[in-house]
Amino acid sequence: MDFDLTDEQRCRYDRVSAEVTQQLGGPGMLSELPFTRTQWKSAAQIGLTGLCMPAEYGGGGLGALDTALCLEAFGRACPNTGLVFAVAAHLLACAVPIRDFADGDVRGELLSGLASGELIAANAMTEDEAGSDLSRLGVTAEQEPGGYVLHGDKSFASNAPAADVFVTYATTAPAAGFLGITAFAVPRTAPGVATGEPFEKMGLGGCPAGRVLFRHCRVPETHRLGREGQGTAVFQHSMAWERGCLFAVYLGLMERQLQQCVERARTRRQFGRAIGEFQAVSHRIAGMKQRLESARLLLYRACWLLDGGRDHNEAVALSKIAVSEAAVANSLDAIQVFGGDGYLRSAGIEQHLRDSVPGGIFSGATDIQREVVARGLGL
Amino acid sequence: MPDQEMTKRIAEYIREKFLDGDPQGELQDTSPLLEWGVLNSLRVAQLIGFLREEFGVVVPPREIHADNLRDVRSITAMVARLA
Chain A
1 MDFDLTDEQR CRYDRVSAEV TQQLGGPGML SELPFTRTQW KSAAQIGLTG
51 LCMPAEYGGG GLGALDTALC LEAFGRACPN TGLVFAVAAH LLACAVPIRD
101 FADGDVRGEL LSGLASGELI AANAMTEDEA GSDLSRLGVT AEQEPGGYVL
151 HGDKSFASNA PAADVFVTYA TTAPAAGFLG ITAFAVPRTA PGVATGEPFE
201 KMGLGGCPAG RVLFRHCRVP ETHRLGREGQ GTAVFQHSMA WERGCLFAVY
251 LGLMERQLQQ CVERARTRRQ FGRAIGEFQA VSHRIAGMKQ RLESARLLLY
301 RACWLLDGGR DHNEAVALSK IAVSEAAVAN SLDAIQVFGG DGYLRSAGIE
351 QHLRDSVPGG IFSGATDIQR EVVARGLGL
Chain B
1 MPDQEMTKRI AEYIREKFLD GDPQGELQDT SPLLEWGVLN SLRVAQLIGF
51 LREEFGVVVP PREIHADNLR DVRSITAMVA RLA
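Taken in sequence, the protein lines are chains A and B. Mapping of the first sequence onto the UniProt record's numbering: residues 1 to 379, in sequence order. Mapping of the second sequence onto the UniProt record's numbering: residues 1 to 83, in sequence order.
Among the hints, a few may not be true.
[To be verified] The following label-pair restraints were derived from C-beta to C-beta distances:
1) A/173 with B/26: 20 to 28 Å
2) A/173 with B/21: 28 to 36 Å
3) A/197 with B/60: 34 to 42 Å
[Claimed, not checked] Reference listing, derived: stretches of chain B covered by chain A, where coverage requires no fewer than 3 residues with Cβ under 8 Å from a Cβ of chain A:
4) 18-29
5) 50-61
6) 65-71
These aren't lab readings, by the way, just hints derived from the structure by calculation. Note that CB positions come from ideal geometry on N, CA and C, so glycine has one too.
Using the sequences provided together with the hints, build the complete structure.
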């Protein structure tokens, strides 16, 4: 067992960190406005939009653990967690299933565009009446010669207002339950696709999210991902990558937050001494460090299992629970360390909490992850 | 491992884990697991884990579809093909 990063991993982490700091790390990035195409292009130039895409299509060809390390560096150096989340969702929930399930020319065309940053992708799975339960999708896809006709509404699709392509899931065989779902990559230019207004959200403001509407939308068969009825497997595969790798974004956030808290505890003086000399403060920060490091180990292990093609369901679930809960707990502690300043939007500390809360909801709610763990224990 | 032995072990696993031991002895090699609702998405993930642990077979995501999960016989055929 070796817990050290390799020299190559360390170099890559440092390079991403330095380039993101230079291009996407300025104070202006504290904005909670949706990302711009210019910012997206900057992320693409650093290689972040194609980390785990095949090198032949302009990607980095990285595995899950190396992808997670880069996303951690991105999350640490860029204060706009919404942008970091948007890039990670594009990569893991959309590009990964296209990489592993699309065929022919469509695969190459989409992967090249997604890796280069020319195309932005959104994952449109959730519906108003279907969040955790994948077997009850209201969006339907009826087969016609040469393709399918999609009809229905999706919701909570991250990146949707800005996206060029939607990875979506529709019912093709209602009686077959979870094996009656089929996955598609739908270009925004397909007739019958529309998006709603961006949602007003609690956090992750840099990532616009909204509804995706399919109105008798014709999609060629070439844009189906995997076989008909294989949509649940496609989705679960992409979610294993998202639950595993995407949460490294929060490791980066917590690392940055921890540094801010240490600096605050050293420089803020009360009763004639630095507040870090009070055990109540220093132990709170020690607790933040302990939660961060515990969560990091679980995440690295989950990604390592994913890379090895080994059983990863329980490890990924444990990792997601640990990281998402640590991010919320550490963000509350950071506000406490900063006191009144932590409560002000101008300091950028309370934003960590608002950006962290959704981590317990998206990519499979914490309650579902605990269910995965419980089933694995035979309960 | 002979297919017969593989079939027996897969059926035992399904009986024990998903059918409370199958006290009525209803599960046959051709029982429609999907139509009966025996397999859902969480259980498929558990079953895939079992196949890897028991037979050392990694089932790629592309292989997870109705034709390969229809019944115990289909699952056995998939494992034999991937082994």
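Hint check results:
{"no.": "1", "hint": "A/173 with B/26: 20 to 28 Å", "in the structure": "holds (25 Å)"}
{"no.": "2", "hint": "A/173 with B/21: 28 to 36 Å", "in the structure": "holds (31 Å)"}
{"no.": "3", "hint": "A/197 with B/60: 34 to 42 Å", "in the structure": "holds (40 Å)"}
{"no.": "4", "hint": "18-29", "in the structure": "violated (count 0)"}
{"no.": "5", "hint": "50-61", "in the structure": "holds (count 4)"}
{"no.": "6", "hint": "65-71", "in the structure": "holds (count 3)"}
Figure legend: structure checked against the earlier numbered hints; the only hint not met is number 4.
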